[in-house]
Structures are given as C-alpha cells and as structure tokens.
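Asks: Just so we're on the same page, this note's numbering is the position in the sequence shown counted from 1, plus 8.
Keep in mind that the hints are not guaranteed to be accurate.
Unchecked claim - Once the Cα atoms are required to be at most 20 angstroms apart in a straight line, the calculated DMTMM-like pairs of lysine to aspartate or glutamate come out as:
(1) Lys163 <-> Asp140
(2) Lys60 <-> Asp74
(3) Lys170 <-> Asp74
(4) Lys168 <-> Asp140
(5) Lys159 <-> Asp173
(6) Lys82 <-> Glu43
(7) Lys61 <-> Glu48
(8) Lys128 <-> Asp162
(9) Lys60 <-> Glu188
(10) Lys61 <-> Glu43
(11) Lys82 <-> Glu48
(12) Lys155 <-> Glu106
(13) Lys112 <-> Asp162
(14) Lys61 <-> Glu106
(15) Lys100 <-> Asp176
(16) Lys174 <-> Glu106
(17) Lys170 <-> Glu188
(18) Lys170 <-> Asp85
(19) Lys163 <-> Asp173
(20) Lys128 <-> Asp74
(21) Lys100 <-> Asp85
(22) Lys100 <-> Glu188
(23) Lys82 <-> Glu51
(24) Lys112 <-> Asp74
(25) Lys174 <-> Glu164
(26) Lys82 <-> Asp162
(27) Lys61 <-> Glu51
(28) Lys82 <-> Glu106
(29) Lys100 <-> Glu164
(30) Lys174 <-> Asp162
(31) Lys168 <-> Glu104
(32) Lys155 <-> Asp140
(33) Lys82 <-> Asp140
(34) Lys174 <-> Glu118
(35) Lys61 <-> Asp176
(36) Lys159 <-> Asp140
(37) Lys155 <-> Asp176
(38) Lys170 <-> Asp140
Since the hints were derived computationally from the structure, they do not count as laboratory data.
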Amino acid sequence: MKKFVVGLVAAAGLVAMAHSVMAQSKTVRSEMRTETGTIEAIEASTRTVTLKKADGTFVTTVAGPDITRFAELKLGDTVNVRYYDNVVIRVKQPGESEVISGSKGTTGSEQVLPGGTRAKQVTITATITAIDPTTPSITFTGPNGWKYSSKVQDKEALAKVKVGDKVDIVWTEAVLVSVERGK
Numbered sequence: 009m010k011k012f013v014v015g016l017v018a019a020a021g022l023v024a025m026a027h028s029v030m031a032q033s034k035t036v037r038s039e040m041r042t043e044t045g046t047i048e049a050i051e052a053s054t055r056t057v058t059l060k061k062a063d064g065t066f067v068t069t070v071a072g073p074d075i076t077r078f079a080e081l082k083l084g085d086t087v088n089v090r091y092y093d094n095v096v097i098r099v100k101q102p103g104e105s106e107v108i109s110g111s112k113g114t115t116g117s118e119q120v121l122p123g124g125t126r127a128k129q130v131t132i133t134a135t136i137t138a139i140d141p142t143t144p145s146i147t148f149t150g151p152n153g154w155k156y157s158s159k160v161q162d163k164e165a166l167a168k169v170k171v172g173d174k175v176d177i178v179w180t181e182a183v184l185v186s187v188e189r190g191k
C-alpha cells in the first residue's frame, strides 16, 4: 500500500505544483484520498504485506522499522489509508537565498489495533527554465538534478513569470493508516 500511496502522492503533488507556481504565493490543497485493502499475505522476515484492493488488484508494501506494531497485523484485516497533500509556491525576490530542507515523522496509534500517521515536508528552491505560452507549459529545475515540466491552466499567471525566476516550493503530505480486524 505504501508504494501505491507514494506513487499517488508524487503524481498529485507534481501536477498541483505546476498548476500553482505562477502566483506570487499560492496554496494548492488536494482533496483527501482514501484507499482500502484487505491483507492477503504477510511475510514477517521481510516485513512485507500484500493487500487486495476493492477492484481486485494487489499492492505489496514493506513496513519500515518505524512501524512498531507490525506483528499485530493479521490475514483478513482491512487497511484504510487516507492521504492529503498541500503545496505552497512563492516567487522569490532577487537576491533571496536558496532553500533545500526536509523533515518527516511517524506517530503510532494509541488505538487497540495498529495504525498511525506519517507526515513529511520538503522545501526547495527551483528555477523556471522554460515557458511555452502556446501549450501553455512550464519547466522547473531544482537541486540534485530535479526537473519537472507540466501544462499550466492559468495563462494569466503564466504571463507574470519569466525564465530565470526562482520559486520556493513547500510540499507537505500526510498519510493516515488505520486497521480493522477481519471477520
């Protein structure tokens, strides 16, 4: 489930980021997304869990060492995952220093069954390296070879930025996991 959620998070965050970058400072909130699956297999030695989703597809994930109640999971348990992300983008003023930082944390559930919250926040400074007003689209580059291009919906906002402008991108995500005992 974690791999599924991480892929979903990355896609949603990057699309939202590109659509919002053109304002001086803009927040893009996503809707809460929910995924549910039933535990079909548990491999304790590798901490691997295989879940069957409602559509019949399977997702396999590895529970890291920060997941302290792994041993309490049982075949047939239902795992509910709720995901939320938030992106804030701000055009930097000339001369402002660049930023690259991140933090993350996991908090376990105090409930009878396992669960908890995992959250992280990443802040980077990226540079606008290309703008195509006919498509319309924008391309960013950032630290560690990061590069992203996307179509833009707001042509007026796109007209307010130029190649070479720097933006700070703050991306916050939270994943809430709960377990229900199978019948």
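Asks: Each of the hints needs a verdict: does it hold here or not?
Replies: Cross-check of the supplied hints:
A distance of roughly 10 angstroms separates the Cα atoms of Lys163 and Asp140; the hinted pair therefore holds under the 20 angstroms criterion. At most 20 angstroms may separate the alpha-carbon atoms for a hinted pair to count; Lys60 and Asp74 exceed this at roughly 23 angstroms. Using a Cα cut-off of 20 angstroms, the hinted pair Lys170 and Asp74 is violated, with the two alpha carbons roughly 43 angstroms apart. A distance of roughly 13 angstroms separates the Cα atoms of Lys168 and Asp140; the hinted pair therefore holds under the 20 angstroms criterion.
Between Lys159 and Asp173 the alpha-carbon distance is near 18 angstroms, which keeps this suggested pair within the 20 angstroms criterion. With a CA separation close to 18 angstroms, the supplied pair Lys82 and Glu43 stays within the 20 angstroms bound. This hinted pair checks out: Lys61 and Glu48 have alpha carbons roughly 10 angstroms apart, not beyond 20 angstroms. For the proposed pair Lys128 and Asp162, the alpha carbon gap of about 28 angstroms is over 20 angstroms, so the pair is violated.
The straight-line distance between the Cα atoms of Lys60 and Glu188 is roughly 14 angstroms, inside the 20 angstroms bound, and the hint therefore holds. In summary, the hint linking Lys61 to Glu43 is supported, as the alpha carbons are separated by about 8 angstroms, within the 20 angstroms threshold. Between Lys82 and Glu48, the direct Cα distance comes to roughly 9 angstroms. Compliance with the 20 angstroms bound is thereby established for this hinted pair. For the hint pairing Lys155 with Glu106, the CA-to-CA distance comes to about 16 angstroms; that is within 20 angstroms, so the pair holds.
Pair hint Lys112 plus Asp162 does not hold up; C-alpha atoms about 32 angstroms apart against a cutoff of 20 angstroms. Of the supplied pair hints, the one linking Lys61 and Glu106 is violated, its CA atoms being roughly 42 angstroms apart against a limit of 20 angstroms. Pair hint Lys100 plus Asp176 holds up; C-alpha atoms about 7 angstroms apart against a cutoff of 20 angstroms. Restraint check for Lys174 and Glu106: the C-alpha separation of about 9 angstroms stays at or below 20 angstroms, so the hint holds.
For the hint pairing Lys170 with Glu188, the CA-to-CA distance comes to about 51 angstroms; that exceeds 20 angstroms, so the pair is violated. With a C-alpha separation of about 52 angstroms, the suggested pairing of Lys170 with Asp85 is violated against the 20 angstroms cut-off. The straight-line distance between the Cα atoms of Lys163 and Asp173 is roughly 17 angstroms, inside the 20 angstroms bound, and the hint therefore holds. A C-alpha spacing of about 14 angstroms is found between Lys128 and Asp74, which places the hinted pair at or below 20 angstroms, so the restraint holds.
With a C-alpha separation of about 48 angstroms, the suggested pairing of Lys100 with Asp85 is violated against the 20 angstroms cut-off. Between Lys100 and Glu188 the CA atoms are separated by roughly 46 angstroms; this puts the pair beyond 20 angstroms, and the hint is violated. With a C-alpha separation of about 11 angstroms, the suggested pair Lys82 and Glu51 falls inside the 20 angstroms cut-off, and the hint holds. Between Lys112 and Asp74 the CA atoms are separated by roughly 12 angstroms; this keeps the pair inside 20 angstroms, and the hint holds.
A C-alpha spacing of about 18 angstroms is found between Lys174 and Glu164, which places the hinted pair at or below 20 angstroms, so the restraint holds. About 48 angstroms separates the Cα atoms of Lys82 and Asp162, which puts this hinted pair outside 20 angstroms; it is violated. Among the hinted pairs, Lys61 with Glu51 is consistent with the structure: their alpha-carbon atoms are about 18 angstroms apart, no more than 20 angstroms. Between Lys82 and Glu106, the direct Cα distance comes to roughly 47 angstroms. Violation of the 20 angstroms bound is thereby established for this hinted pair.
Distance hint between Lys100 and Glu164 is fulfilled; the C-alpha atoms sit about 19 angstroms from each other, no more than 20 angstroms. Distance restraint check for Lys174 and Asp162: the Cα-Cα separation of roughly 19 angstroms lies within the 20 angstroms cut-off, and the hinted pair is therefore satisfied. With a CA separation close to 19 angstroms, the supplied pair Lys168 and Glu104 stays within the 20 angstroms bound. Pair hint Lys155 plus Asp140 holds up; C-alpha atoms about 16 angstroms apart against a cutoff of 20 angstroms.
For the hint linking Lys82 to Asp140, the alpha-carbon distance of about 52 angstroms lies beyond 20 angstroms, and the restraint is violated. Of the pairs offered as hints, the one joining Lys174 and Glu118 is violated, with about 43 angstroms between alpha carbons and a cut-off of 20 angstroms exceeded. This hinted pair does not check out: Lys61 and Asp176 have alpha carbons roughly 37 angstroms apart, beyond 20 angstroms. Under the criterion of a C-alpha separation no larger than 20 angstroms, the hint pairing Lys159 with Asp140 is consistent with the structure, at around 9 angstroms.
Among the hinted pairs, Lys155 with Asp176 is consistent with the structure: their alpha-carbon atoms are about 14 angstroms apart, no more than 20 angstroms. Distance hint between Lys170 and Asp140 is fulfilled; the C-alpha atoms sit about 10 angstroms from each other, no more than 20 angstroms.
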